[in-house]
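Trainee: What follows is each chain in one-letter form.
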Amino acid sequence: MPIFEVNGRQYEVDEDGFLQDPSIWNEEVAKDFATTEGVTELTDKHWKVIHYLRNYYLQFGIAPMIRKLCKETGFKLNEIYELFPSGPAKGACKLAGLPKPTGCV
Amino acid sequence: MSKNVKLSDMARPDDEPLLHLENRDLMPLPPPLDDPAKDHDWTPLSPQVRQQFECRLDDTCAVSVPKPKSREEERQLVEKFLAGLDKLFIKEDNWSFLQPLVLSMEHCARCQTCSQACHIYEASGYSELYRPTYRSEIVRRLYYKYVKHGGLLAAFQHGDIELNWPLVARLIELSYRCNLCRRCAQTCPLGVDNGLVAHELRKLFSQEMGIAPKEIHEQGSVLQLKVGSSTGMNALVVKDNIAFIDEEMTEKTGIKVETPWDVEGADVLLIHNAGEILAWPENPGAFAIILTAAGIKWTLSSELAGYDAINYGLWYDDAQFARVALKHAEAARKLKVKKIVLGECGHANKALSVVADRVLVGDHNVPRESAITLLHEIVMSGRLKLDPSRNDFPVTLHDPCNLVRLMGVVSPQREILHKICPQFREMEPHGVDNYCCGGGSGFAIMSGHNFPDWRFHVSGRKKLEQVLKVFADCLDPSINKYVCAPCSNCKGQFRDMIAYYDLWNKHRIGYGGLVELIVNAMEDVKPGFIDWEWH
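If you read the sequences in order, they're chains A and B.
For the first sequence, position 84 (counting from the first letter as 1) is numbered 84 according to my numbering, and the numbering increases by one without interruption.
For the second sequence, position 320 (counting from the first letter as 1) is numbered 320 according to my numbering, and the numbering increases by one without interruption.
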């Protein structure tokens with residue numbers, strides 16, 4: 001597996017740069033992965049999205065519908081793209097330590 | 001650029017890719033993307049990736065095959081490959097596709113009529129490596145030498161070939177440089193099917209060597225058979241999501257939407273590609289509105305795989321294909337429904353309606369129909385009150401290869417659009433002569449390393465050209481435009497490619513399914529079902 005090195009720490013990631021073991025996630029992981037997704041500073045808005053994704057994932061084992069994410073956090077999709085330039089699936093989910101969404105999504 | 005790759009290069013022992021493409025090598029695009037210098041640069045594969053995985057075919061890597069650690073391991077892999085190759089030509093092991101495969105091996109006249117039909121070959125600037133007969137010719141020579149044991153005479157008659165691990169490694173990747181659209185097979189005067197050759201290779205690699213892209217195998221058919229859906233949704237999650245969609249749609253349309261689950265004896269068991277539920281909720285929502293308004297007794301199923309029509313095995317593995325097809329039939333049998341209707345998903349339509357006909361026998365052989373023909377019947381019957389003026393914007397229709405060229409569902413969707421979209425216009429060519437979106441056979445969801453760069457620049461290029469041409473007179477961003485693509489995989493490709501080239505922001509080229517246009521025209525629905533937001 002590829003290794004992602006940042007701030008003196010090493011993470012095992014998959015071919016798309018997603019954290020290999022979602023269970024080791026903590027807020028420091030989000031900060032470390034932010035550097036790969038063009039997010040310079042994690043604001044309260046970022047954390048709102050990250051925590052929603054994280055909690056949903058712990059409850060259901062997958063990422064939520066994007067529409068649900070927008071409704072529950074109150075952000076429109078384009079606002080999510082402003083926060084996470086690679087978008088909700090490839091950007092926000094990566095910072096929240098979720099596996100990459102699967103299937104035709 | 002190294003356009004003139006020879007057949008013998010496939011066995012080159014070095015690690016250097018056989019082909020490198022620059023933007024200026026590719027087929028030119030029409031305005032506004034006509035300047036290759038302004039096109040995105042391709043992300044190169046990192047040295048780390050090149051060191052770990054077999055990347056010696058071209059600029060990208062779809063399958064991520066780990067490099068063997070020793071000569072011995074290489075030798076074993078080549079042996080497995082040969083054993084698998086043999087099986088492809090044994091009736092008991094390959095009853096499904098043996099005959100067309102043998103025909104394709106033995107009857108190619110090398111006329112190259114097929115080459116001009118291939119969008120990948122053309123878009124790559126006619127790179128020899130992607131010529132549809134290049135891959136087949138390698139397999140053909142292996143067939144005469146190792147399956148038919150033709151000896152020197154075969155080498156003389158059909159051309160010799162050297163078999164080693166580098167060749168197998170390159171062939172694995174090369175089997176994933178074809179969309180399996182089979183436009184080449186359609187044009188061949190002899191019926192030789194180069195798409196099938198790519199498919200049979202993928203099958204050999206998966207069934208015999210355990211090698212397949214993770215997106216379609218581990219995270220695709222394996223996950224589907226384990227939890228119920230390739231999206232990872234189990235029955236609980238999918239019901240929760242559908243309930244959310246029902247609420248949203250009720251609010252949006254002013255019509256009470258309530259999706260029925262597990263209704264015994266229903267006339268129609270509707271099976272969506274579950275990706276629709278997560279990524280394009282308007283699509284299942286619109287289906288619910290239309291079927292209910294048309295008075296059809298329909299249901300969804302919460303059985304394992306009963307709520308996810310995908311059958312990725314169609315692209316790479318007959319065994320996985322059969323397992324999933326049986327689950328679909330089982331869900332229908334349990335509920336005693338009259339028929340299965342497949343939602344807007346091209347490969348799922350062909351998989352269950354056509355190909356599974358060889359797998360489903362007895363009471364598993366439940367009648368199966370594409371949603372497109374059912375929708376046609378509903379729209380033409382006059383059961384819905386439709387106001388075409390609500391769809392008064394430029395609309396074009398993309399033909400999913402599986403549904404159109406490979407199943408023959410051509411007119412119903414067009415008749416619907418002619419009825420409800422005053423500005424409907426066709427791309428050229430279209431219908432059974434269509435071009436693949438570029439995401440076919442799983443490419444739309446394969447995103448490892450820099451593979452998306454390849455599918456935007458090469459496999460998706462011909463379709464991109466068609467879309468730009470069909471809307472050339474209305475590229476102005478003040479005019480909203482709609483590419484109707486009744487297939488989840490195609491929609492994924494359009495979404496990603498439109499975003500990559502910024503065509504939504506700059507030119508308001510949007511995309512969506514067929515049912516959304518129908519509901520958008522329904523008089524009983526609040527206006528503005530299609531909301532022109534980027535989804």
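Keep in mind the hints are simulated off the structure, nothing from the lab.
We treat Cβ as the ideally placed atom computed from N, Cα and C, and that holds for glycine.
Heads up, some of the hints might be wrong.
[As the list claims (entries may be wrong)] Pairwise CB distance ranges (calculated): (1) A:Gln20 / B:Arg110: 41 to 51 angstroms; (2) A:Ser23 / B:Pro260: 36 to 46 angstroms; (3) A:Gly8 / B:Tyr146: 36 to 46 angstroms; (4) A:Glu79 / B:Lys91: 58 to 68 angstroms; (5) A:His51 / B:Lys91: 54 to 64 angstroms; (6) A:His51 / B:Glu247: 21 to 31 angstroms; (7) B:Trp534 / A:Gln20: 27 to 37 angstroms; (8) A:Leu58 / B:Gln112: 38 to 48 angstroms; (9) A:Glu79 / B:Gln76: 37 to 47 angstroms.
Trainee: Each hint should be assessed against the structure and marked as holding or not.
Mentor: Going down the list of hints, with the structure as the test:
1. A:Gln20 / B:Arg110: 41 to 51 angstroms: Holds: the Cβ-Cβ distance is about 47 angstroms, inside 41 to 51 angstroms.
2. A:Ser23 / B:Pro260: 36 to 46 angstroms: 37 angstroms, holds
3. A:Gly8 / B:Tyr146: 36 to 46 angstroms: 52 angstroms, violated
4. A:Glu79 / B:Lys91: 58 to 68 angstroms: 59 angstroms, holds
5. A:His51 / B:Lys91: 54 to 64 angstroms: Given range 54 to 64 angstroms: holds, Cβ gap about 58 angstroms.
6. A:His51 / B:Glu247: 21 to 31 angstroms: 23 angstroms, holds
7. B:Trp534 / A:Gln20: 27 to 37 angstroms: 31 angstroms, holds
8. A:Leu58 / B:Gln112: 38 to 48 angstroms: 56 angstroms, violated
9. A:Glu79 / B:Gln76: 37 to 47 angstroms: 53 angstroms, violated
Violation of the numbered hints given earlier is confined to hints 3, 8 and 9; the remaining hints are satisfied by the structure.
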